[in-house]
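S.K.: Once you've looked at the hints, dock chain B against the given chain A.
Here's the letter readout for the chains.
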Amino acid sequence: MPFVRICGGRVIDPSQNFDQIADLWIKDDRVFYLGERPDLRAEQTIDATHKIVCPGLIDMHVHLREPGREEDETIATGTAAALAGGVTSVACMPNTEPPIDSQAAAEFVYLQAERAGNANVFPVGTITKDRAGKELAEIGGLVDGGAVAFTDDGSPVVNSEIMRRAMEYCRMFDKAVLSHSEDLELTRGAVMNEGFESMRLGLRGYPAVAEEIMIFREIALAELTKARLHILHVSTAGGVELIRRGKARGVQVTGEACPHHFTLTDECLRTFDSNYKMSPPLRTKDDVQAILAALRDGTLDCITTDHAPHAPEKKMRELDQAPNGIIGLETLLPICVRALIEPGVLTWPQLIEKLTINPARVLGIDRGTLKPNAIADVTILDPDVCWTIDPNQFRSKSRNCPYGGWEVRGRAEVVLVAGQIRYQRNGK
Amino acid sequence: MTLDLAPSKKTSSVWTRKHLLGLEELSREEILTILDTAEDFVEVSTRKRKKRSDLKGKVVVTLFFEPSTRTRASFGFAARRLGAETSDFAASSSSLNKGETFIDTAKNIEAMGIDAVIVRHNVPGAPHLLSQHLNCSVINAGDGAHEHPTQGLLDIFTIRQIKGRIEGLTVGLVGDIAHSRVARSNIHGLLKLGARVIVCGPPTLVPADIHRLGVEVAYHLDDILPHCDVLNVLRIQFERQRGGLFPSIQEYFRLFGMHAERIRRAKENILLLAPGPINRGVELTPEVADGPHSAILKQVTNGLAVRMAVLALLCGDPVAED
Numbered sequence: 001m002p003f004v005r006i007c008g009g010r011v012i013d014p015s016q017n018f019d020q021i022a023d024l025w026i027k028d029d030r031v032f033y034l035g036e037r038p039d040l041r042a043e044q045t046i047d048a049t050h051k052i053v054c055p056g057l058i059d060m061h062v063h064l065r066e067p068g069r070e071e072d073e074t075i076a077t078g079t080a081a082a083l084a085g086g087v088t089s090v091a092c093m094p095n096t097e098p099p100i101d102s103q104a105a106a107e108f109v110y111l112q113a114e115r116a117g118n119a120n121v122f123p124v125g126t127i128t129k130d131r132a133g134k135e136l137a138e139i140g141g142l143v144d145g146g147a148v149a150f151t152d153d154g155s156p157v158v159n160s161e162i163m164r165r166a167m168e169y170c171r172m173f174d175k176a177v178l179s180h181s182e183d184l185e186l187t188r189g190a191v192m193n194e195g196f197e198s199m200r201l202g203l204r205g206y207p208a209v210a211e212e213i214m215i216f217r218e219i220a221l222a223e224l225t226k227a228r229l230h231i232l233h234v235s236t237a238g239g240v241e242l243i244r245r246g247k248a249r250g251v252q253v254t255g256e257a258c259p260h261h262f263t264l265t266d267e268c269l270r271t272f273d274s275n276y277k278m279s280p281p282l283r284t285k286d287d288v289q290a291i292l293a294a295l296r297d298g299t300l301d302c303i304t305t306d307h308a309p310h311a312p313e314k315k316m317r318e319l320d321q322a323p324n325g326i327i328g329l330e331t332l333l334p335i336c337v338r339a340l341i342e343p344g345v346l347t348w349p350q351l352i353e354k355l356t357i358n359p360a361r362v363l364g365i366d367r368g369t370l371k372p373n374a375i376a377d378v379t380i381l382d383p384d385v386c387w388t389i390d391p392n393q394f395r396s397k398s399r400n401c402p403y404g405g406w407e408v409r410g411r412a413e414v415v416l417v418a419g420q421i422r423y424q425r426n427g428k
Numbered sequence: 001m002t003l004d005l006a007p008s009k010k011t012s013s014v015w016t017r018k019h020l021l022g023l024e025e026l027s028r029e030e031i032l033t034i035l036d037t038a039e040d041f042v043e044v045s046t047r048k049r050k051k052r053s054d055l056k057g058k059v060v061v062t063l064f065f066e067p068s069t070r071t072r073a074s075f076g077f078a079a080r081r082l083g084a085e086t087s088d089f090a091a092s093s094s095s096l097n098k099g100e101t102f103i104d105t106a107k108n109i110e111a112m113g114i115d116a117v118i119v120r121h122n123v124p125g126a127p128h129l130l131s132q133h134l135n136c137s138v139i140n141a142g143d144g145a146h147e148h149p150t151q152g153l154l155d156i157f158t159i160r161q162i163k164g165r166i167e168g169l170t171v172g173l174v175g176d177i178a179h180s181r182v183a184r185s186n187i188h189g190l191l192k193l194g195a196r197v198i199v200c201g202p203p204t205l206v207p208a209d210i211h212r213l214g215v216e217v218a219y220h221l222d223d224i225l226p227h228c229d230v231l232n233v234l235r236i237q238f239e240r241q242r243g244g245l246f247p248s249i250q251e252y253f254r255l256f257g258m259h260a261e262r263i264r265r266a267k268e269n270i271l272l273l274a275p276g277p278i279n280r281g282v283e284l285t286p287e288v289a290d291g292p293h294s295a296i297l298k299q300v301t302n303g304l305a306v307r308m309a310v311l312a313l314l315c316g317d318p319v320a321e322d
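These protein sequences, in sequence, are chains A and B. Everything in the first sequence is counted per our numbering, starting at 1 for the first residue and increasing by one. Everything in the second sequence is counted per our numbering, starting at 1 for the first residue and increasing by one.
Simulated from the structure, these hints should not be mistaken for laboratory data. One should not assume that every hint holds.
Away from chain B, derived, C-beta distances all over 12 Å, residues of chain A [unchecked claim]:
| # | residue |
| --- | --- |
| 1 | Asn17 |
| 2 | Arg37 |
| 3 | Thr45 |
| 4 | Gln103 |
| 5 | Gln112 |
| 6 | Gly141 |
| 7 | Gly250 |
| 8 | Asp366 |
| 9 | Ile389 |
| 10 | Gly405 |
Derived CB-CB ranges, DEER-like [to be verified]:
| # | chain 1 | residue 1 | chain 2 | residue 2 | range |
| --- | --- | --- | --- | --- | --- |
| 11 | A | Ala220 | B | Ile162 | 54 to 64 Å |
| 12 | A | Arg409 | B | Glu251 | 56 to 66 Å |
| 13 | B | Pro247 | A | Glu161 | 28 to 38 Å |
| 14 | B | Gln250 | A | Asp174 | 58 to 68 Å |
The C-beta atom is built at its ideal place from N, Cα and C for all residues, glycine as well.
Chain A on its own, in the form it takes in the complex (with noise of 0.2 Å):
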C-alpha cells in the first residue's frame, strides 16, 4: 500500500492539541495514523528532523486578481507563492474583473486552481451583484459554485439594510460574512493613517474611527441576526477592544490580523514608498502593541496576509496614484517568527492555530487539520533557517513587499497537497 511516512519532526497539530516528535503517516490523499506503526511499510519517508510538520498552512485573505487583473497576479501565479510560503490553501478575495458574483465565476475559479495544480483555492464570493452595495448577490448560487464565504472585501457594504439582509441569508447556508470595515465618507482621498506623521507629510489620514464605526456597526447587525461575522484586516486598538467586547457578548465574531499591522507602523511612510501604502493603513505602534495583546489572548482569531499583488509599474508612482496593497504569501511565516515567536508572543502551537484549524473554521472547511481521514495537506517548515528576503526570488507575478533585506528565520521545507508533493523548497 502506498504509505507516505513524514518522521521525527514535531508535529504540531492545534485541532486536536497536539504536539510532539512523531511520525506522521498518509496513506493517497488522506492522513492515517499519527505516531508509531512498525507493521507498516513506507514508500516514501521524509526526513523531517528538526523541522515542524503542521496542517497546511491556511490563508484566508488573499487577492489572485484572475480574472481581470493578469498582469498583477494569475491564480497559477498566486498558488505557487502560497505553496513557496508553506500555505496549502487560500481563500481568495472576489474583487476581481469582473467579481467572483455568481455560480459561474466562482467555478471558474476551481478550474483555474485546478489546471494550477498548485494550492486548493476557495473563493469567497461578493456579497453584492457586481461588488457595488445595491443588491444582494446570487449567494445560494455561489455557494452552489462553492463559494466559502462572503464579503465585498475592498470596500465596505456601505447600507446598514442591506448588510443585515446579507447576515440573515448566509445564516441559511452557515456561511461567515466577512468585513470590509471602513467609512467611506471619512476616508475619502486618504494614503495612509490620520495622525502626527500623516500631519507632517502632508499626506490625507485614514481615522482610526473609519475602522472601529463600521466595526461596532457590523458587530451590531451580527448581534441582531446571529449571523456569523468575520472582521478583516483588524488594524487599530478600539477595533480589536470592539471585537474583545463582542465576543464577551457572545456575538459570532471572530477577527484576522495581517503581519503588516504588527510589524509596520505610519512612520514608515516617511519614505513615502508606496509598498508601505495599503488598506487599512499602517497605524501606530499602540496599535501594533493592540493587536499582538488580541492575537495572545484569542480575540483575534487568524493570522492572514491580506497579499495584494500590484504590477510594479503601477507601483512605481506617486503615492496618490499608486494602489493600495502589499503581497505577503511567502513572507507571512518569517515575519510572523520574527514578530510573534521570537519575542514570545505566541507559541508554535498558537501561531499554527491561527494559520490553520481557526481560518478553517470561519470557512467552513474541511482542512487545517492531521486528524485520521482528514485531507492529507502538510506543511513541514525549518523554524530556525535563517534566510535574507528578496522579492526578486518570489514565485509571486508582483514585488510589492517592503521587506526586501530582512534577515529572518523559518521557512516552509517541503509541501503536500492532498498527500502530494507540491513543493520542495530546494529546487525539485
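M.R.: Chain B in isolation, oriented as in the chain A frame:
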C-alpha cells in the same frame, strides 16, 4: 567685466546636499547657510547688470504639475541670473497626457542633460520619488500639503531682514494649516532658528497632532494678535480642500481675516507676510495687504535671492569667475 561676490565662505563649507526636498531634514546650520548666501544675492538684483556665472553652462529645468506663476518665474529668473540655461515643462503640455508616468517624463528630460530639476507636484513625496530615480539635483517647489522649502526660506529671510533676528520672535501662522505646505516649511524652519510659533485657524483646518511639532495652537486670532511679532497669513486653498471645513467665506473673514480694525489690536510694528497669491477680501483686505505692515512684495524680491542661493549651493561651481 562684473565682479562677483562668491557665496560667503565661512558658512558654505557645511553644504553637502544634492537635493532640497524640505526644511524638516535641514539642520539649523544648513538653513543659516542658505540665508547667509542669499544675503549676497539680494545685492545682485539691485545692480544694473544682474548676471553672475555660478551656473554657467548648467541647465535647469522646471517641471510643474500644478499651476504656478510666481514660483516658476522666480526659479527661472534665479537660474538665468546665475548664468544657467533654463527650460519649462508643464504637465498639461508634456507627455503625461499621453499616459507616460511622472518618473518616465522626468527621466526623459534628464536624458537631455540637465543639472537640476525644480519640481512642483500635488502629491506629497513626489520630489522625493524623483530624487531616487534621477542623478541630477531635485528641488522641491511644493509637494502637495507637505513642504515648500524655498517659500519657507524666503519667509524666514524676510523676517530676519526686517526684524534683524529670528530667535525669540513670536510668529503666528494663520489660516488653512492643514492643507498648507507653506505652514509646514515655516514651522520646521522657524523652530530650528529659535522662534516661538503659534498656528491659528478653525479646528477643521488645524491638524489635531500639530502641537507635537513644537508649535502652540490657537483658535482665536484676536487672542494671539497682541503677542505676535510676525503674522504669516496663509491662503485659503480652495482647490485642495474638501467641502464643509468652514461655513462661508464671510464667516472665515470675520474670524480670521486681517482688516484695518483688527490690525489695531496688534503690536505696533507687526510684520505681515502672505505667501500668495492672496485672495483680497478673504484673508486680507486691500488696505492691509498694501499697508505699512505688509512685506508681501518684499517677499517676492527676496524669493529670487533665496532661490539663487539654493541653486548656487546645490549645483553651482565652488568658485564663481567670469
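S.K.: All hints, please: hold or fail.
M.R.: Hint by hint, here is what the structure shows:
1. Listed as outside the interface, asparagine 17/A is consistent with that label: its C-beta sits roughly 46 Å from the nearest C-beta of chain B, beyond the 12 Å cut-off.
2. No Cβ of chain B approaches the Cβ of arginine 37/A within 12 Å, the least distance being about 59 Å, so the stated non-interface status holds.
3. Threonine 45/A, annotated as away from the interface, keeps every beta carbon of chain B farther than 12 Å; the closest lies near 51 Å.
4. For glutamine 103/A, the non-interface assignment is confirmed: its Cβ lies about 37 Å from the closest Cβ of chain B, beyond the 12 Å cut-off.
5. No beta-carbon of chain B is positioned within 12 Å of the beta-carbon of glutamine 112/A; the least distance is around 30 Å.
6. No Cβ of chain B comes within 12 Å of the Cβ of glycine 141/A; the nearest lies about 39 Å off, and the non-interface call holds.
7. No Cβ of chain B approaches the Cβ of glycine 250/A within 12 Å, the least distance being about 36 Å, so the stated non-interface status holds.
8. Residue-level check passed: aspartate 366/A sits 47 Å from the nearest beta carbon of chain B, beyond 12 Å.
9. Its beta-carbon lying about 20 Å from the closest one in chain B, isoleucine 389/A satisfies the requirement of being farther than 12 Å from that chain.
10. With a closest Cβ-Cβ approach of about 16 Å to chain B, glycine 405/A is found to remain outside the 12 Å limit, as its non-interface label requires.
11. Taking 54 to 64 Å as the suggested C-beta distance range, the pair alanine 220/A and isoleucine 162/B conforms, at roughly 60 Å.
12. A beta carbon spacing of about 60 Å between arginine 409/A and glutamate 251/B agrees with the range 56 to 66 Å that was offered as a hint.
13. Taking the beta carbon of each, proline 247/B and glutamate 161/A are about 32 Å apart, inside 28 to 38 Å as hinted.
14. Range check, glutamine 250/B to aspartate 174/A: Cβ separation about 59 Å, and the 58 to 68 Å hint holds.
No hint from the list above goes unmet by this structure.
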